[in-house]
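2 protein chains.
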Amino acid sequence: VKGRISILGPRGTFSEEAARRFDPEASKVFCSSIDEVFDSVEKGKAEHGIVPVENSLEGSVAATLQLLLTTPLRICAEIVIDVKHCLLALPGSRMEDIREVISHPHALAQCRGYIKSLGDVRTRNLPSTAEAAREVSVKRLRGSAAIAPRIAAELYGLTVLAEGVQDEGRNQTRFFALGRECGDGEAEKTSIILGLEDRPGALYKVLGYFARANINLTKIESRPTRKSLGDYIFYIDFEGDAREERVGAVLRKVRARATFFKVLGSYARIG
Amino acid sequence: VKGRISILGPRGTFSEEAARRFDPEASKVFCSSIDEVFDSVEKGKAEHGIVPVENSLEGSVAATLQLLLTTPLRICAEIVIDVKHCLLALPGSRMEDIREVISHPHALAQCRGYIKSLGDVRTRNLPSTAEAAREVSVKRLRGSAAIAPRIAAELYGLTVLAEGVQDEGRNQTRFFALGRECGDGEAEKTSIILGLEDRPGALYKVLGYFARANINLTKIESRPTRKSLGDYIFYIDFEGDAREERVGAVLRKVRARATFFKVLGSYARIG
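Residue numbers (this note's numbering), protein chains in the order written: chain D, 2 to 272; chain X, 2 to 272.
Looking at chain D on its own, in the form it has when it is part of the complex:
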């Protein structure tokens, strides 16, 4: 049986590209929300699910971080994709005809400077970059252009008016491949969620365990818990495999100080 991968649909997004990198052979199950991707893997409708975690311009994806808090799924891999946004329009369109640019709010934000440079142009939010491309195509929106990956131009018969229109040359999105089980290949990184008491030095003490074991943190983010602002949990990523004794010893010390502790997984990086 070939594996199945749940992906945030529709076709033609960077999520699909990430899924292809993780497993080019798998059959794809397209979902309408990040929620649904988690749900479909939890219920066994797919072996793996691909969710966006973080973008180098926009920061964390709140829905994903929130769902990681409660899911029984593990992180099996991280996939980092170079994002190159394109401006797509109906064939025959010219740049000077464009009065409206539509896309996912993150993509619009990443191209803020470029859109401004187009002059008197409105923006409109759509649920995904590919749905923006589809809307231009299906509704025959002359005067509108979608910001979307090149793959969406082929899919919906659009012209690429401009390529690489993001404000910063280098723009990467990090995805997690989630699964009920992960196999036991080599792992380079580990992600944990940690709750700490709200008092001076609580975080400092915990980071000391990592520093003294010479473990490099690659991400730390406090987020308000669902109770009230001010009561925080921490999302921490670091280099190392939780199954190594050196790392496991640190995690046991961390856990002893935590009000909440969850290892999301140790995983390899797919470049």
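Each hint can be trusted.
No copy labels: a pair is met if it fits in one copy or bridges any two.
Straight-line C-alpha distance at most 27 Å; calculated DSSO-like pairs for lysine-lysine:
#1 K254 to K206
#2 K46 to K117
#3 K206 to K263
#4 K263 to K46
#5 K44 to K117
#6 K29 to K117
To be clear, the hints were calculated from the coordinates, so they are not data collected in a lab. Computed from a predicted model, the values in this text were never measured in an experiment.
Put chain X on the given structure of chain D with help from the hints.
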């Protein structure tokens, strides 16, 4: 001359409520993006601007954090608003007629569980909760409901089908009031942005300065810089006023270790 406050428009959002708390007398300048709020205050079209920073369910507002990195504006106050979402529809609508729920993506995410409980209902993103209410009203969308604050129901002549429909009882949004100058009232909190070398213990060392001075951190968030993922800066909030010598001494030590350092302001909290 009365003060002017720039706010993310349209009328009838939680941003307007935050502005009213900060200065009920000020005249309001409605802007179409967070970008424009910053811009209008930087250019002197208003004395202050209100921007959302963080929500207790959804986490940080990426656009605001990004603009804080480069703006010359200071944080003059933080305003914390209790968010109570309502389901608004055309007068005469019944719950069982609703086939679509529209709102800002954050509001939809905050009401995810409630929307699921409505059964077979689609969601659609709009740029703000108030624009969702306006769309239902102006387009006479029977079968659609907007998730928006109660104030939007009055503004657009809609019926409140349900109140407090967010999944968690307590849902707060934190706003900053920004200004070119802030006056010198008492300040309870300070926000800084910090760049550090990417190596084990770098953050630990810096947090030690705060811990030893008994200064409580209320937020820490690493964010990828605009160069590439993995190269991080930190947004840190803590209790205390940067103009106090005790706090100033800590900040001088922190600055000496930082590759980037910016004090965004010390400010009072408006509850």
